Amino acid sequence: MTMSKLNKVLMISLLVICTLWLVVPFTMAVLWSLVDPSQPWTADKLLPPAMSFYRWIDMWQNSSLKSALFTSYALAPSAAVLCLLLAAPTAFALGRFKFPGREVAKTLCLLPLVVPPFITSIFFSSVLFQLGFTGWRFGAILFAHAVLFLPYAIRILTVSFEQVRQEHIDAARDLGASHWARFRVAYLPALKPGIFAALLIVFIQSIEEFAIAFIVGSPSIVTIPTLLFSALGQDFVRPNAAVLSLILVVPNVILMLVLEWLLKSANPTLSSGKG
Amino acid sequence: MVAIRIDELTKQFEAFTALAKLSLEVEQEEFVTLLGPSGCGKTTLLKLISGFLDPTEGTIHINGKDVTRTPPEARDTALCFQSYALFPHLTVRENLEFGPRQKRISAHDRKARVDDVAEKLSLHAQMDKLPNQLSGGQQQRVSLGRALVMRPSVILFDEPLSNLDAKLRDQVRIEIRRIQKEYGLTAIYVTHDQNEALAMSDRVVVLNGGRVEQIDTPEALYHAPKTRFVADFIGDANVFSGTVQGEVQPGLWRVETAMGTYDVATSTPPKEKDVDLCWRPESAVLGDAGHTGKVINRAFQGHFTDLMIETKGVSYRVQSRATSAQEGDTVNISIPPEQLILLERTA
Ligand SMILES: Nc1ncnc2c1ncn2[C@@H]1O[C@H](COP(=O)(O)OP(=O)(O)OP(=O)(O)O)[C@@H](O)[C@H]1O
Ligand SMILES: [Mg+2]
Numbered sequence: 001m002t003m004s005k006l007n008k009v010l011m012i013s014l015l016v017i018c019t020l021w022l023v024v025p026f027t028m029a030v031l032w033s034l035v036d037p038s039q040p041w042t043a044d045k046l047l048p049p050a051m052s053f054y055r056w057i058d059m060w061q062n063s064s065l066k067s068a069l070f071t072s073y074a075l076a077p078s079a080a081v082l083c084l085l086l087a088a089p090t091a092f093a094l095g096r097f098k099f100p101g102r103e104v105a106k107t108l109c110l111l112p113l114v115v116p117p118f119i120t121s122i123f124f125s126s127v128l129f130q131l132g133f134t135g136w137r138f139g140a141i142l143f144a145h146a147v148l149f150l151p152y153a154i155r156i157l158t159v160s161f162e163q164v165r166q167e168h169i170d171a172a173r174d175l176g177a178s179h180w181a182r183f184r185v186a187y188l189p190a191l192k193p194g195i196f197a198a199l200l201i202v203f204i205q206s207i208e209e210f211a212i213a214f215i216v217g218s219p220s221i222v223t224i225p226t227l228l229f230s231a232l233g234q235d236f237v238r239p240n241a242a243v244l245s246l247i248l249v250v251p252n253v254i255l256m257l258v259l260e261w262l263l264k265s266a267n268p269t270l271s272s273g274k275g
Numbered sequence: 001m002v003a004i005r006i007d008e009l010t011k012q013f014e015a016f017t018a019l020a021k022l023s024l025e026v027e028q029e030e031f032v033t034l035l036g037p038s039g040c041g042k043t044t045l046l047k048l049i050s051g052f053l054d055p056t057e058g059t060i061h062i063n064g065k066d067v068t069r070t071p072p073e074a075r076d077t078a079l080c081f082q083s084y085a086l087f088p089h090l091t092v093r094e095n096l097e098f099g100p101r102q103k104r105i106s107a108h109d110r111k112a113r114v115d116d117v118a119e120k121l122s123l124h125a126q127m128d129k130l131p132n133q134l135s136g137g138q139q140q141r142v143s144l145g146r147a148l149v150m151r152p153s154v155i156l157f158d159e160p161l162s163n164l165d166a167k168l169r170d171q172v173r174i175e176i177r178r179i180q181k182e183y184g185l186t187a188i189y190v191t192h193d194q195n196e197a198l199a200m201s202d203r204v205v206v207l208n209g210g211r212v213e214q215i216d217t218p219e220a221l222y223h224a225p226k227t228r229f230v231a232d233f234i235g236d237a238n239v240f241s242g243t244v245q246g247e248v249q250p251g252l253w254r255v256e257t258a259m260g261t262y263d264v265a266t267s268t269p270p271k272e273k274d275v276d277l278c279w280r281p282e283s284a285v286l287g288d289a290g291h292t293g294k295v296i297n298r299a300f301q302g303h304f305t306d307l308m309i310e311t312k313g314v315s316y317r318v319q320s321r322a323t324s325a326q327e328g329d330t331v332n333i334s335i336p337p338e339q340l341i342l343l344e345r346t347a
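Keeping their order, the protein sequence lines are chains A and B. So the first sequence is numbered by the working numbering: it starts at 1 and just counts up by one. So the second sequence is numbered by the working numbering: it starts at 1 and just counts up by one.
Bound conformation, chain A alone:
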């Protein structure tokens, strides 16, 4: 077999796998969300026999979807920003200072990620309760999310801080720049991609997080994942779950595209000259 033929075969298999992986579940979700309750979609039919937006309208009007949406989309950006602020000092230290054991410290920062999220969540929420963090449940979830997803933000920002070039800082300083001006001209351009990436990851993680939101929030606070699990758990209404999961995924995709575009336009290049 020639090289180009092999390439073609590989390309096609890749396309097929991607289709199976991405398109099929998505299509299935769309189809399931459109199933009309008058006629159930049984396994022997390729397409639902009757389709309508009944489920969408029903979910919108008769469930806590609206408040769940509001909570989730208030929670996620706040958690992302808070997480970024909490991560910044550690990332700065890890990225800018040389000290013995730095590499070990970097690895240690990632360690919380190897514990299964549900376990972390259970113990973390018990800590929150013990600290008496129960008066303001939204705040408790917000704080928990910000802390729980710190490893991602720290790791990403550490790499960004390492990208900042000392000579740019020195050059700015030499030209009389104040701390703030130095930050803007030397740090910010190098940090921007990392800031966006960290915000995005924490945002998505927070939007999708179930365990903490459930343990700490229920019953008074409903987020999209907890709503989703109750739709699946109580009476297993698959079409309702499909509606919810689409609501969960669509804004994320849009957000990701926007950020991707932002990243590209914000960052012409970071290097100048040689050396």
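Hints are supplied without guarantee of correctness; some may be wrong.
Said to hold, decoys possible - Calculated pairs, DSSO-like style, for lysine-lysine (alpha carbon to alpha carbon, straight line, at most 27 Å):
1. K98(A) - K47(B)
2. K167(B) - K181(B)
3. K264(A) - K129(B)
4. K192(A) - K129(B)
5. K103(B) - K120(B)
As the list claims (entries may be wrong) - Residues of chain A clear of chain B, computed beta-carbon distances all greater than 12 Å:
6. M3
7. L69
8. T107
9. L175
Honestly, the hints are just simulated from the structure, not real lab data. Treat the numbers as computed from the prediction; the structure is a model and nothing was measured. Positions of the beta carbon are idealized from the N, C-alpha and C atoms, including for glycine.
With chain A fixed as given, assemble chain B with the ligands onto it according to the hints.
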């Protein structure tokens, strides 16, 4: 008037002494080069002058003001970085304007300054480009321009030409010197390239292991090096150890070496009996007089011929403009007494 006065400046990194009791005075509008091998402390000294390092001991005065503890952003110095350090996301104009902006110079003056510098460095066609759209030489000029718009009392260069190819290097070197004279700037210039140092400088500071070997004009460094290190580092030199026999005539000292006896003309009598005797390859005279040697290697170099000659087991270098000597020939070599240099023996 003295622009920079450095007194007994010492910099230690923990136990390591990077700079030891260095003293230096630089006159207004003078171009001084710091020359020395890698790791001798050139960058360290430059960072001390610009304020990025704090000295362990000693003081620095710029225009009569003690700036030893003044941070870099408040010092009246401007640094040209080896890697240019242009801000990659800013255009050439924004890069040039950055400094004046920090100093809160009015928009009108800022523009005037930037345009003036752009004009002098022929950068006007590049003003709206980003640094990565420029050639190395142009980036170098922007970096120089960014320092110039600050109208600093002192401009500092850290090996500014090392990223340019040989041809461009000569061109930019001449340009830097021209601009420095035009703006009447006091300049300190770091290089480890002796040709650059000799060609550009009013005076050269030769550093070795954090210590000053000699501070002199390029001519004096070449014709009257004080130490073996300087003789070796600047140009080519033949150096032999010898013993002073005594003064044979007023101002003429006889020195015994492994190759024979030489008479050295010097106005400063040698302090010790043990000395190093040095001469430049081109000061040897091939003729009938002097000691004999055997040519062991010959290399034609165009305007001169490079010979390796051996006498009594000691080999040395001679450059001659007109010689027909071939490998294996025996020649007579003499060195005029005034071309011989006595060096202090250093440990
Ligand atoms: N921050 C530092 N910590 C410890 N030692 C240092 C530090 N900076 C420089 N040194 C040491 O001080 C000595 C002088 O360094 P410096 O950078 O001044 O050399 P240089 O003359 O500029 O050399 P080059 O020509 O290679 O640039 C070197 O031996 C270097 O290892
Ligand atoms: Mg250096």
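Hints, verified against the model:
Note on K98(A) and K47(B): the hinted pairing holds, with a Cα-Cα distance of about 20 Å set against a maximum of 27 Å. At most 27 Å may separate the alpha-carbon atoms for a hinted pair to count; K167(B) and K181(B) meet this at roughly 22 Å. Between K264(A) and K129(B) the CA atoms are separated by roughly 18 Å; this keeps the pair inside 27 Å, and the hint holds. A distance of roughly 21 Å separates the Cα atoms of K192(A) and K129(B); the hinted pair therefore holds under the 27 Å criterion.
Proposed proximity of K103(B) and K120(B) is supported: the alpha carbons are some 22 Å apart, at most 27 Å. With a minimum CB-CB distance of about 35 Å to chain B, M3(A) clears the 12 Å threshold, and the non-interface call stands. Remark: the non-interface label on L69(A) is consistent with the geometry, its nearest Cβ contact in chain B lying 37 Å away (cut-off 12 Å). For T107(A), the requirement that its beta carbon stay farther than 12 Å from each beta carbon of chain B is met, with the minimum near 28 Å.
The beta carbon of L175(A) sits about 4 Å from the closest Cβ of chain B, which is not more than 12 Å, so the claim that it is off the interface is violated.
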